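Participant: Here is what each chain is made of, one letter per residue.
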Amino acid sequence: MRNISLSLAGILLLALLPFGVGGYEVNVAMVILFYVILAVGLDLVSGYCGQFSFATGAFYGLGAYTAAIMNRDLGTSVFVNLPAGALVAGLFGLLLGIPALRLKGHFLAIVTIAFQTIVYLIISQWTSFTGGQVGLTMANVGPVTVFGVTLFEIASLRAYYWLTLVMTVICVFAAWRLANSRLGREWIAIRDDETLAAAVGLDTTRGKLTAFVASAALAGIAGVLTAHSLRGVTPDDFTIWISATVVAMMVIGGRGTFIGPIIGAIFLVLMPEFLGRFAEYKMLIYGILLVVAITVMPEGVVGRLRQRSAR
Amino acid sequence: MDLFLQYIANGVVIGSTYVLVAVGLTLIFGILGVVNFAHGEFYMLGGYAGIMAVTVLGLPVLPAIGFVLATSAIVGVAAEAILHKPMKNRDATSSIISSFGLAVALQNAALIAFGPQPQRLQTSFSTIPVEIGPIFLPLQRLMIPIMMVVLISVLYVVLRYTWTGRSLRAMAQHQTVARLCGVQVERVAVVTFMVGAALAGVAGMLMSSVFLVYPIVGNMIALKAFTVVILGGMGNVAGAAVAGLVLGIVESLTSAYISNSMRDVVGFIVVILVLLFRPQGLFGKAVDRS
Numbered sequence: 001m002r003n004i005s006l007s008l009a010g011i012l013l014l015a016l017l018p019f020g021v022g023g024y025e026v027n028v029a030m031v032i033l034f035y036v037i038l039a040v041g042l043d044l045v046s047g048y049c050g051q052f053s054f055a056t057g058a059f060y061g062l063g064a065y066t067a068a069i070m071n072r073d074l075g076t077s078v079f080v081n082l083p084a085g086a087l088v089a090g091l092f093g094l095l096l097g098i099p100a101l102r103l104k105g106h107f108l109a110i111v112t113i114a115f116q117t118i119v120y121l122i123i124s125q126w127t128s129f130t131g132g133q134v135g136l137t138m139a140n141v142g143p144v145t146v147f148g149v150t151l152f153e154i155a156s157l158r159a160y161y162w163l164t165l166v167m168t169v170i171c172v173f174a175a176w177r178l179a180n181s182r183l184g185r186e187w188i189a190i191r192d193d194e195t196l197a198a199a200v201g202l203d204t205t206r207g208k209l210t211a212f213v214a215s216a217a218l219a220g221i222a223g224v225l226t227a228h229s230l231r232g233v234t235p236d237d238f239t240i241w242i243s244a245t246v247v248a249m250m251v252i253g254g255r256g257t258f259i260g261p262i263i264g265a266i267f268l269v270l271m272p273e274f275l276g277r278f279a280e281y282k283m284l285i286y287g288i289l290l291v292v293a294i295t296v297m298p299e300g301v302v303g304r305l306r307q308r309s310a311r
Numbered sequence: 312m313d314l315f316l317q318y319i320a321n322g323v324v325i326g327s328t329y330v331l332v333a334v335g336l337t338l339i340f341g342i343l344g345v346v347n348f349a350h351g352e353f354y355m356l357g358g359y360a361g362i363m364a365v366t367v368l369g370l371p372v373l374p375a376i377g378f379v380l381a382t383s384a385i386v387g388v389a390a391e392a393i394l395h396k397p398m399k400n401r402d403a404t405s406s407i408i409s410s411f412g413l414a415v416a417l418q419n420a421a422l423i424a425f426g427p428q429p430q431r432l433q434t435s436f437s438t439i440p441v442e443i444g445p446i447f448l449p450l451q452r453l454m455i456p457i458m459m460v461v462l463i464s465v466l467y468v469v470l471r472y473t474w475t476g477r478s479l480r481a482m483a484q485h486q487t488v489a490r491l492c493g494v495q496v497e498r499v500a501v502v503t504f505m506v507g508a509a510l511a512g513v514a515g516m517l518m519s520s521v522f523l524v525y526p527i528v529g530n531m532i533a534l535k536a537f538t539v540v541i542l543g544g545m546g547n548v549a550g551a552a553v554a555g556l557v558l559g560i561v562e563s564l565t566s567a568y569i570s571n572s573m574r575d576v577v578g579f580i581v582v583i584l585v586l587l588f589r590p591q592g593l594f595g596k597a598v599d600r601s
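One line per chain: the protein sequences are A and B, in this order. Anchor point for the first sequence: position 45 equals 45 in this note's numbering, and the numbering is continuous, going up by one each time. Anchor point for the second sequence: position 66 equals 377 in this note's numbering, and the numbering is continuous, going up by one each time.
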């Protein structure tokens, strides 16, 4: 009950944010929301199901490019692109999940790295379809119509921020429901001991594949939202560094905890902003902090706090 | 036909770089189980160390290579202290995150120290042309495959016939048993990182005469090295050597006969095929299932 009221208060605060701050801060808040979706999604497959993935950036890119290409060729709006992006990314998640069934640990990490690289190379080299290195630009989101009737217009940054917030809340809630469902408990069983999970009759194949698909679909949604927010896509927004950043957010916050990756995402997006005065050094400090954090606190902030309170 | 041989030669030069970087990467993975994201930064630092040695210290080429080997080995020792030593008894995630952080830190440290503008290494060797039949290469480029063969041969002999090499291979097979047999795991870890960093550093120095050096140059090289490592089989040194040369030649021929933009695509097409049909790599052994 306390958690629910806290989350509602947080959402309300975020909803009121555009009234209190300028455009730059709203943009930063939006980036935080994108990363919250990505980190929560990754946590499902890596934190709960224990399957290592370094391909978040690829699914993120697949979602974004689905939106950009559909917008270019079919003129679809963000509301058509959202399910489409989730579907495309989810299908590729299934594709990656299949080899992942046979591999573990480092080998799985390498396969996901390869997948990430392949997706990056396709979107950066297939110029006629994806615009190559230059990427694609998109039109404004514009008015939202249902059967020819204009419902409302998403022209301003503020309106788009609210749309992003609503989608983030939906995604995070869906992920929370999944993590606490029977399926979520199956994932945890697979993570803790796969042989045992199979021995007690759990379908580990189904468990792993659903985790990959759910994680990829969430990243796809984040991609669609990002593409519309930036009004375009370039391949360099979806490199392996994005994947690694999301992994870092999840790990620093706390793997396998639900709130941890959210805290990690907020922290890692905001940190460079607060280092603003040392702009030149901010990425250097970011790197060093990452090394220090993982060395002294591998279970993450939330994991460490829970250990302490359990003692 | 003459042009064809020239393309092959160019491919061998590029491929030798891939071999040098990928062999270190695959060693560190195979022996210590560390997926090292900062490996491209060893290459980048080697490039800057080479430029420092030649332009600031005024060293001739061969001592400069020695200088780069030494500095890179020191970088390797430091990297081991950060990436491997504190991560004992932890799962793979920790060292991967840590190496990512190290890569970001090193790239930005280089950006602050050397600036964003690309730099080129000019040595007394760059103006000496060498002609072998129809093939033409500046001596400095020819140095890359030569150094690759020398270093990989030395590595092979060390791995095969010395105590250090035996303990390295023992570690790769089974860490606990190796420890029980008296292998000093800590020392082996340091040596592995030193070797990996030194190989990548020399590659970075030699390539900085062909491609330029800039703070994020390591990204693409690390990507290629990961491709080579997958093709060769994770942890397989000979596999990485063959796969590196093959990738270099295939890339060179592709950019010559198909199109330059297909150059990077070819590598990944091969990777897809390999992952589909032989996920353990072209030369790897099948992975044990639990």
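What the hints contain is simulated information worked out from the structure, not anything from laboratory work. Incorrect hints may have been included.
What the hints assert, rightly or not - Not everything, but these chain A residues come out facing chain B in the computed CB check (under 10 angstroms):
hint	residue
1	Q125
2	W126
3	A244
4	I266
5	E280
6	I288
As the list claims (entries may be wrong) - Far from chain B, some chain A residues (derived; all Cβ distances over 10 angstroms):
hint	residue
7	R2
8	A9
9	L12
10	G20
11	A109
12	I118
13	G201
14	L202
15	V247
16	V251
17	R255
18	Y286
19	L305
These numbers were taken from a predicted model, which means no experiment stands behind them. Beta carbons: idealized from backbone N, C-alpha and C, even for Gly.
Participant: For each hint, tell me whether it holds in the structure or not.
Facilitator: Against the structure, the hints:
1. About 5 angstroms separates the beta-carbon of Q125 (chain A) from the nearest beta-carbon of chain B, less than 10 angstroms, and the hint is met.
2. Annotation: W126 (chain A) was flagged as interfacial toward chain B, and the flag holds, the nearest CB pair being 8 angstroms apart, inside 10 angstroms.
3. A hinted interface residue such as A244 (chain A) counts as satisfied when its beta carbon comes closer than 10 angstroms to some beta carbon of chain B; here the least separation is about 4 angstroms, so the hint holds.
4. Restraint check, I266 (chain A) versus chain B: the minimum CB separation of about 18 angstroms is more than 10 angstroms; hint violated.
5. Restraint check, E280 (chain A) versus chain B: the minimum CB separation of about 6 angstroms is within 10 angstroms; hint holds.
6. Because the beta carbon of I288 (chain A) sits about 5 angstroms from the nearest beta carbon in chain B, less than 10 angstroms, this interface hint is met.
7. With a cut of 10 angstroms on Cβ distances, R2 (chain A) stays outside the contact zone with chain B, its closest approach being about 31 angstroms.
8. A cut-off of 10 angstroms between C-beta atoms confirms that A9 (chain A) is not in contact with chain B; the least separation is 32 angstroms.
9. Listed as a non-interface residue, L12 (chain A) keeps its Cβ farther than 10 angstroms from every Cβ of chain B; the least gap is roughly 34 angstroms.
10. Chain B leaves G20 (chain A) outside its interface by the beta-carbon criterion, the shortest separation being 32 angstroms against a cut-off of 10 angstroms.
11. Its closest Cβ contact with chain B, about 6 angstroms, brings A109 (chain A) to no more than 10 angstroms, contrary to its assignment away from the interface.
12. With a least beta-carbon separation of about 5 angstroms from chain B, I118 (chain A) fails to lie farther than 10 angstroms from that chain, contradicting its non-interface assignment.
13. Every CB of chain B lies more than 10 angstroms from the CB of G201 (chain A), the least distance being 18 angstroms, so the non-interface label holds.
14. No Cβ of chain B comes within 10 angstroms of the Cβ of L202 (chain A); the nearest lies about 16 angstroms off, and the non-interface call holds.
15. Under the 10 angstroms C-beta cut-off, the non-interface status given to V247 (chain A) relative to chain B is violated; the minimum distance is some 6 angstroms.
16. At roughly 5 angstroms from the closest C-beta of chain B, the C-beta of V251 (chain A) falls inside 10 angstroms, breaking its exclusion from the interface.
17. Interface exclusion of R255 (chain A) from chain B breaks down, the closest Cβ pair being 8 angstroms apart, not more than 10 angstroms.
18. A cut-off of 10 angstroms between C-beta atoms contradicts the statement that Y286 (chain A) is not in contact with chain B; the least separation is 6 angstroms.
19. Listed as outside the interface, L305 (chain A) is consistent with that label: its C-beta sits roughly 19 angstroms from the nearest C-beta of chain B, beyond the 10 angstroms cut-off.
Violated hints, listed in ascending order, are 4, 11, 12, 15, 16, 17 and 18; each of the other numbered hints is respected by the structure.
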